[in-house]
Amino acid sequence: MTTSTERAPGGPAIEIHDLRKTFGTTHALDGLDLTVRPGEVAGFLGPNGAGKSTAIRVLLGLLRPTSGHVRLLGGDPWADAVALHRRLAYVPGDVSLWPNLTGGEAIDLLGRLRGDQGRAAARRRQELLERFELDPTKKARTYSKGNRQKVALVAAFAADVELLVLDEPTSGLDPLMEAVFTELLREAKAQGRSVLLSSHIMSEVEKVCDTVTIIRRGRAVESGTLQELRHLTRSAVTAVVGGDPAPLAALPGVHDLATTADGDGTRVTFDVENDQMGDVLAAVAPLGVRSFTATPPSLEELFLRHYGDELAAGGGSATGAAR
Amino acid sequence: MSAPAVARARGGSRLRGAGPGGTLAGTGLLLRFMLRRDRVRLAVWSASVVALWLYVVTAFGALYSTAEERQARAALMTTPASVMMTGPGYGLEDYTLGAMVANELLLWVALALAIMSVLEIVRHTRAEEESGRAELVRAGAVGRHAPAVAAMLLVLVVNVVVAVLSGAVLVAGGLDAGDSAVLVVAAALTALVFAAVAVVTCQLTAHGRGAAGLALAVFGAAALVRAAGDIQERHGSALSWFSPIAWAQQTRVFVDTRLWPLVPSAVLVVLLLVLGAVLASRRDHGAGMLPDRRGRADARPSLRSPVALAWRQQRTALAWWTLGAGLMWLASGTYVDGVGDMIGDLAETNPAVAQIFGADGGQGLVDAFVAVILLYAVLAALGYGIAAVLRAGAEEAEGRAEVALALPVSRGRWLGAQLVVAEAGAAVLVLAGGAGTALGALSVGVDDPAAWTYLLAAASYLPAVAVVLGLAAALYAWWPRLAGLAWAVLALVFVVGMFGDALDLPDAVQGLSPLWWVPRVPAEDPRLLPVVVLAGVAVTLHVLAFAGFRRRDVPAR
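Chains Z and D are the protein sequences, given in the same order.
Okay, so the first sequence: first residue is 247 according to the working numbering, each after it adds one.
Okay, so the second sequence: first residue is 15 according to the working numbering, each after it adds one.
None of these hints come from the bench; they were simulated from the model.
Errors might be hidden in some of the hints.
Which residues of chain D face chain Z? A few of them, derived with a C-beta cut under 8 Å, are [claimed, not checked]:
| no. | residue |
| --- | --- |
| 1 | Arg272 |
| 2 | Pro275 |
| 3 | Leu276 |
| 4 | Pro278 |
| 5 | Ala280 |
| 6 | Val281 |
| 7 | Leu282 |
| 8 | Arg310 |
| 9 | Asp312 |
| 10 | Ala313 |
| 11 | Arg326 |
| 12 | Leu419 |
| 13 | Pro422 |
| 14 | Ser424 |
| 15 | Val551 |
| 16 | Arg571 |
Over 12 Å on every C-beta distance to chain D, these chain Z residues come out as not near it, computed from the model [as the list claims (entries may be wrong)]:
| no. | residue |
| --- | --- |
| 17 | Arg283 |
| 18 | Gln372 |
| 19 | Asp381 |
| 20 | Lys391 |
| 21 | Ser481 |
| 22 | Asp517 |
A few chain D positions that, by computed beta-carbon distances, are all more than 10 Å from chain Z [unchecked claim]:
| no. | residue |
| --- | --- |
| 23 | Gly187 |
| 24 | Ala220 |
| 25 | Glu416 |
| 26 | Ala418 |
| 27 | Asp462 |
| 28 | Arg495 |
| 29 | Leu506 |
| 30 | Asp567 |
Even for Gly, the Cβ is constructed at its ideal location relative to N, Cα and C.
This is chain D alone, in the form it adopts within the complex (with noise of 0.2 Å):
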């Protein structure tokens, strides 16, 4: 992979060709060779994005096809629930089809493209100086600012084939084409300015997992923003407008299209980029902004063990993660309050909404509203958990994985020790949500579902978690060559429960999700049995995986 970097780097006299002497020559040459580079990556990420918006306008064009149908979802999309997944609720009075993809799906395009787009430039600036690779390129006539530019450059040029390409999907399904436009416009345009983010944030941090988490928590920083603000009033309060998320969605697509919402997204992309510069020139090659500090000359007597290692090697990405997240249902748990509010408006305008909920309509709603929250925590600690199973391919790609095993360290103990970690952060941060869901509607006065409700809803995702972790680490134990696979999972994992019953997905692919099989605690009542044979289904996979590691190679070719 940096064999053709290399090649290229030394090619001194092509490079000198590319540009100036300045401080971006060679950004065309290393912009074709990103291209190069993620040609399969990048074509992964955009037909899933342009298949997504197709298969929306296709199903909810289907599902939806009358004017009441899709009046009677509008009524479900005023729950702070669905606020909390979708938009500010445009066009809900006259619930069309494009106001319906431009309410229910930008926010997910957008976090779709924000991710791409984050890695990619995580990937191609950071990540390259940390493996020292950046340090061939830029002994080249490279200048400086040249790999952040092509990266930024490279998403952007992915961004719009992106956009291109949605747009006549859109307009295919029988969407107005300027509508159409402007929507997938503004979806880039939220992508980008996370880009930008990354860009900062891999200033200031030496290590690229710790940029892309850093700039991936603004992300999730604005959109919880953004829920707020569109919980607190329909079409988005003054909270809602501190975050670029909102921005896109502001623009009323489909409904009473505006563009100037876009500014201030263009605005922050190109401050954020000066940022980056500025940051970028006052560092050395390879440094944060924080110096690295000197440590320990002897070790604690507690680091004698490959779990005490792998637990000296996760604890800080999970510290952070708790953190963050628990502040993310902290927060989310404040907005219970806010449903009970509502409750009495919602009857009255919308029959429909009590109906769904059954009798005790506000409760119901209640219960709902929490228990989409926990399933954002578990989504997001099954991301934290995947990624922290799939270090122990890091661990071994660089070699650390042989030097331990070459110690008296069993394969079965050297892999334990990675997955109790991996799993018991996960874990961490299942429960997490379910407690700061917890003191957050305490903070607010509301004790109905009881403090104890939301931790054993949150405990009953336990076995569907560690199906899917052990899912990811058999994948690693067999062939590690597909354990990237196990983030296909999550993408099932997220679809179903996020799409799962709007799409009408049927119950078999439904069901592949794990998560699917949860009785959603308190929405629903607790059943042990899914529970029992989720626990089950996890113990075969790690006993699969155990047996699967024990008898390959390490290094695996």
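One chain only, chain Z, in its complex shape (with noise of 0.2 Å):
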């Protein structure tokens, strides 16, 4: 688009610094910081109440901040509202439509609010129905969630724009969308749109996502690439050894050791933070190495990680809090 290249080219799509909201006591965020460059898809991670929506609602210049710094498209979200919104398409996570039109008709109302206009459009709007499998001439009162949810998708994805701000799409959808949805994420990459994608479905946020923000309590606890954060991290480490790896405990950077009887020789298990790795290599190699294998953490541990002492204190389980 023309106005892209107007308004600060190569500045950042998002740009949010030390983002304050509170909601009378509540504090929703609490010193946000997130940045997303443009062409970058950027996944936003958290759980439920962690305050992603309330992050999404304050860039849609829905909310007003309390305190701190907000960019987006280089435009202020609150001031420049209906300008910066031609440039952006939005799908909220809890999809809700006007109940007496049919699909079709929300899709066109919600493309023709945008400006969007002619053949090209409803090529694609006809294209975008037959990859959801979406029917149309339905009432939006008969939809399902997963339906409602692929409306709004439609019409974020036919609109020629930006940014897409993405409020966990994919709740609702079942797996077959949910890959025609990643295929459309990585088309928009491919075509140099930028993407903010809140979610808490981590093989998704895996598969598409270049940059990673977790948020928590209203504030970043942890940002960066994939393989930044693994960085970060620690992999996860399991070895059968002929000698005694008890040494090994003492390492520096080695965590919760244990090790087991395997045959004649002894398993051992244990956690190692990543930037340790060469001098905890050096130490196992000597006690006779039968078989090594070294697991980078997944986004889900990462993320169980930075929840895990709630998880604890909430008594839920892990995989409840990590969906």
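Each chain sits in its own coordinate frame; assemble them with the hints.
What follows is the structure in structure tokens.
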């Protein structure tokens, strides 16, 4: 789009610094930092109630920040809302549609209100309807949650915009449709669009996101590329060795070491901080290694590490929080 | 609000213990939950109705303390405009306090209780189904009919409580205990009839708003039939008896009390409930009797703006309101003829009447009658308008405002679209009141006042209507959670309009109602100043509304 070149070329699509938003005595956002560079697909992770939707609503100019710095596509999301919204598309987590409009009417209305016109838009709409297998003739009130979600997704992906703001967009979609969504997200990325994808589905984020920000209680606890995040944390090591692995426990960066007998050797498992991996390898090698695997942490493990104490306190199950 | 429902519905073991495995399982538990959920709401409704009885008994006792004063009031009550607003006129010959209260207040108490009952039924049955919450409840061991039966029991309980308290208030006001009991029971039973009507309408349409509107329309029709019948003939004609409201009034309470007219009400309640149960057994959960049709795969070219969207959302309701209200005012207009016929009799039997309406007594009566019908029309339009303005709140609460505002649609454009459509709809209803009454009068050959006078009279209310709706908009824009106070404003406008003079309310109180400042054309001459001042106030309130909505969070917490 022409507007993108006019406004701060190369500047971040989204730039949030020390953002605070309070509702009465509740601190929904408590010093959040978040940056999305142009053309980047940014994952925005956090459990329910962490402040993801609040941050997105601030970005959309729906909520007025209590304090902090927020720039969206080079503009002020509150003051320049209308102009900025021409350049972005939004999919809420729980799509609410006008009950007496059909899905097709809602898609057209959303497009027209944004100013999308012409044959290309109509073709794109038709293609997306087919890919999502959505029947546009049904009244919105008769749609299931997943189908309402599809309506919003078709409208968003049909729009010729620079930025997609997606708030848990796949909740309610079946796995096939999730795959369609992932494909469309890759296409959007290939076209150079920027994406903010709020989610708590780890595999989805791992598949498509360039960067990840993990938010907790209204602030970012971790952010960077997935690669960087993995480096900052520990890998899980499992090895079978002939010698006595006990001295490994004393090495710096080794945690939770456990041993079990394995035939005539010893199976040892431990976590190691990635920047200590070299020293640990040097210490393991002389023990007579018969097998060795080191697994980088999955995003889910990263995530759980940050919320682990909450889980312990809340008594919830790990899978429950990591959904 | 739904959290306890969910919690209890999931407590399957408790529900299972609450009843047999039949279609009524869980009724008791649901009833307790409904009472818990609505305890504040029901307390306010009940207290308001009891306070209305108390205030009217006290005020009538003080204002009309002598027999002469009461007979002067009785004379006033024989005019068609008064009959329309009161009852069949039992006891006008010896207008005691009791007869006065029964004749003039029963209709309005029945209206208040009926509205409360209809809204409660819809709120706990169809509205819950529509929102999907009922699905959670019904997934527990809760029978198909349990929510409706529990809602009906809830309404019964509340009406009994109101009746007992109201009866105590009447007795404390010095009225006979037996007659007081019949009066309050008649009011409660009438409310239950319309509650049962609501049970049926909830089966017909899949939408809570439609179900409530339909049930209240039935009340409107019943009120109209009663009024028409009673205007035809003092103490009611055969036509009157087609209205459940008339059955309550025909108990002749405080005059020559009889109980049997209450029997048809009781029978009707039972019949309607049976009908409701039969219909409920035949339909799917969440569905109405009419299936949803498929629609267009793409939008018409005209659906491209927030105004077009708001119009699309509200046009059906407006069409039905205009049709229903228009017919009602048309029918009312035809009674202008009857007014003329009554003049001779009235002037002979009641010199007071001629005195009140001045030298041209006959024309004065016609004008006063027309003015009352138009006041009704304006109140109805206000009811529609407030509901329509507050739909903005529903759009916001359900997340649709968020979807729209995330598009290149400014706050002002979005709110403006909601308000333009809502307020234009109210204006249409006001003018439909004038046009309907005029057509009704013309159809029976009455051409004085001239047709344009009706429209002028209706139009002169428009600035006052804009003030009330502007206030509703400003409340919504600044404090969305207090937006419901707009209904309290309507209640004030209603009380001042209907009872302001009868209760001799001070001007300072009556002046709180924007409608009070409007000259009652054609009974009074039109004046420009109030119209201009009201228009100024309306503009100010709207400016405030837009300013407030621009600066707050959406959705508001």
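Consistency of the hints with the structure:
Here the hint on Arg272/D is broken, as its CB sits about 49 Å from the closest CB of chain Z, past 8 Å. At a threshold of 8 Å, the smallest CB-CB gap from Pro275/D to chain Z is about 43 Å, leaving the interface hint violated. Interface hint status for Leu276/D: violated, as the beta-carbon distance to the closest one in chain Z is roughly 41 Å, over 8 Å. Hint status for Pro278/D relative to chain Z: violated, with the closest Cβ pair at about 38 Å, above 8 Å.
Checking Ala280/D against chain Z: minimum C-beta separation of about 37 Å lies over 8 Å; hint violated. Taking 8 Å as the C-beta cut-off, the interface hint given for Val281/D is violated, the closest approach to chain Z being about 37 Å. Checking Leu282/D against chain Z by beta carbon gives a least distance of about 33 Å; that is not within 8 Å, so the hint is violated. With a cut of 8 Å, the hint placing Arg310/D at the interface with chain Z holds, because the nearest CB-to-CB distance is about 6 Å.
Given the 8 Å rule on beta carbons, the hint for Asp312/D holds: about 5 Å separates it from the nearest Cβ of chain Z. Interface hint at Ala313/D: satisfied, since its Cβ lies 4 Å from the closest Cβ of chain Z, which is below the 8 Å cut-off. Hint on Arg326/D holds. Least Cβ distance to chain Z is approximately 7 Å, under the 8 Å limit. Proximity of Leu419/D to chain Z holds as hinted, the smallest CB-CB distance being about 6 Å (cut-off 8 Å).
Contact between Pro422/D and chain Z, as hinted, is supported at the beta carbon level, the nearest pair being about 4 Å apart and thus within 8 Å. Given hint, Ser424/D at the interface with chain Z, holds; its Cβ is 5 Å from that chain's nearest Cβ, closer than 8 Å. This hint is violated: Val551/D has a C-beta 29 Å from the nearest C-beta of chain Z, more than the 8 Å allowed. Using the Cβ-Cβ criterion of 8 Å, the hint placing Arg571/D at the interface with chain Z is satisfied: the shortest such distance is roughly 5 Å.
Against the 12 Å criterion, Arg283/Z stays outside the reach of chain D, whose nearest CB is about 22 Å from its own CB. Remark: the non-interface label on Gln372/Z conflicts with the geometry, its nearest Cβ contact in chain D lying 10 Å away (cut-off 12 Å). With a cut of 12 Å on Cβ distances, Asp381/Z falls inside the contact zone with chain D, its closest approach being about 8 Å. A beta-carbon of chain D comes within 12 Å of the beta-carbon of Lys391/Z; the shortest separation is about 10 Å.
For Ser481/Z, the non-interface assignment is confirmed: its Cβ lies about 41 Å from the closest Cβ of chain D, beyond the 12 Å cut-off. Against the 12 Å criterion, Asp517/Z stays outside the reach of chain D, whose nearest CB is about 39 Å from its own CB. For Gly187/D, the requirement that its beta carbon stay farther than 10 Å from each beta carbon of chain Z is met, with the minimum near 46 Å. Distance check on Ala220/D: its Cβ comes as close as 8 Å (rounded) to a Cβ of chain Z, failing to clear the 10 Å threshold; non-interface status is violated.
Against the 10 Å criterion, Glu416/D falls within the reach of chain Z, whose nearest CB is about 6 Å from its own CB. Distance check for Ala418/D against chain Z: the nearest CB is about 7 Å away, which does not clear 10 Å, and the non-interface claim fails. For Asp462/D, the requirement that its beta carbon stay farther than 10 Å from each beta carbon of chain Z is met, with the minimum near 45 Å. With a least CB separation of 13 Å from chain Z, Arg495/D remains clear of the 10 Å interface cut-off, as annotated.
Every CB of chain Z lies more than 10 Å from the CB of Leu506/D, the least distance being 31 Å, so the non-interface label holds. With a least beta-carbon separation of about 5 Å from chain Z, Asp567/D fails to lie farther than 10 Å from that chain, contradicting its non-interface assignment.
The structure fails to meet hints 1, 2, 3, 4, 5, 6, 7, 15, 18, 19, 20, 24, 25, 26 and 30 from the earlier list, while all remaining hints are met.
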